[in-house]
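For the protein sequence lines, the chains are D and P, in the order given.
The opening residue of the first sequence carries number 1 in our numbering; numbering runs sequentially from there.
The opening residue of the second sequence carries number 1 in our numbering; numbering runs sequentially from there.
Treat the hints with care, as some may be off.
Claimed, not checked - In the SDA-like style, the derived pairs of lysine to any residue whose C-alpha atoms are separated by at most 25 Å in a straight line are:
1. 57(P) with 26(D)
2. 11(P) with 40(D)
3. 3(D) with 40(P)
4. 73(D) with 18(D)
To be clear, the hints were calculated from the coordinates, so they are not data collected in a lab.
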Amino acid sequence: AQKITQTQPGMFVQEKEAVTLDCTYDTSDPSYGLFWYKQPSSGEMIFLIYQGSYDQQNATEGRYSLNFQKARKSANLVISASQLGDSAMYFCAMREGNAGKSTFGDGTTLTVKP
Amino acid sequence: DTGVSQDPRHKITKRGQNVTFRCDPISEHNRLYWYRQTLGQGPEFLTYFQNEAQLEKSRLLSDRFSAERPKGSFSTLEIQRTEQGDSAMYLCASSPPGVENTEAFFGQGTRLTVV
Numbered sequence: 001a002q003k004i005t006q007t008q009p010g011m012f013v014q015e016k017e018a019v020t021l022d023c024t025y026d027t028s029d030p031s032y033g034l035f036w037y038k039q040p041s042s043g044e045m046i047f048l049i050y051q052g053s054y055d056q057q058n059a060t061e062g063r064y065s066l067n068f069q070k071a072r073k074s075a076n077l078v079i080s081a082s083q084l085g086d087s088a089m090y091f092c093a094m095r096e097g098n099a100g101k102s103t104f105g106d107g108t109t110l111t112v113k114p
Numbered sequence: 001d002t003g004v005s006q007d008p009r010h011k012i013t014k015r016g017q018n019v020t021f022r023c024d025p026i027s028e029h030n031r032l033y034w035y036r037q038t039l040g041q042g043p044e045f046l047t048y049f050q051n052e053a054q055l056e057k058s059r060l061l062s063d064r065f066s067a068e069r070p071k072g073s074f075s076t077l078e079i080q081r082t083e084q085g086d087s088a089m090y091l092c093a094s095s096p097p098g099v100e101n102t103e104a105f106f107g108q109g110t111r112l113t114v115v
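All chains should be built: construct the whole structure from the sequences, respecting the hints.
Next up, the structure:
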């Protein structure tokens, strides 16, 4: 079974509007971390935001917030006030327990329209 | 040193040749990871080091692949007898000690093309 599912291959958003990128995950480990990364066309992976499985509140980092719904196993990324520079590929990832590795979804390509 | 450094950035090689990539992590980071990313997909885990110990290796990593981190600092990933299916971006990442669920910092990757 897929551990990380990103169901939106591509998304469009108008500049200055908010957009939600979906991510669902599958794990039986009670301790895990969820991450979102941005990958522009230049190729580097840029860390955006982290949510721990025991965190009571949704994570926020500037214009990024994570809508964490533990019972539904979803960890959607919300980008507020989209900017042209937000156009990129976005990846959701999970690290389980003490595992070193992270498992990534297949990504969502976000295009911000002027 | 402000980030993870990978060398070379691009490599074109003929099928059957051996290639070696280098990764220099952020200096105080004891954890180092290698991932492979093909076009349109997310990174796939290859292997993980904590200091010089290779703690985990993916089943994706065939016998032609080997990774080392001899002194717990930089790491090398070698692919022997390259095949066209090895063409991909090879990403290295590192993370600091002491905090389990901290993010990994990625390098800019080495893009391998096997012709």
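Is the hinted pair residue 57(P) and residue 26(D) satisfied, with a Cα-Cα distance of at most 25 Å? 21 Å, holds
Does the structure keep residue 3(D) and residue 40(P) at a Cα separation of 25 Å or less? Holds, at about 18 Å.
Against the 25 Å threshold, does the CA-CA distance of residue 73(D) and residue 18(D) hold or violate the hint? 22 Å, holds
Distance restraint between residue 11(P) and residue 40(D), which requires alpha-carbon spacing of 25 Å or less: 21 Å, holds
Of the hints listed earlier, there is not a single one the structure fails to meet.
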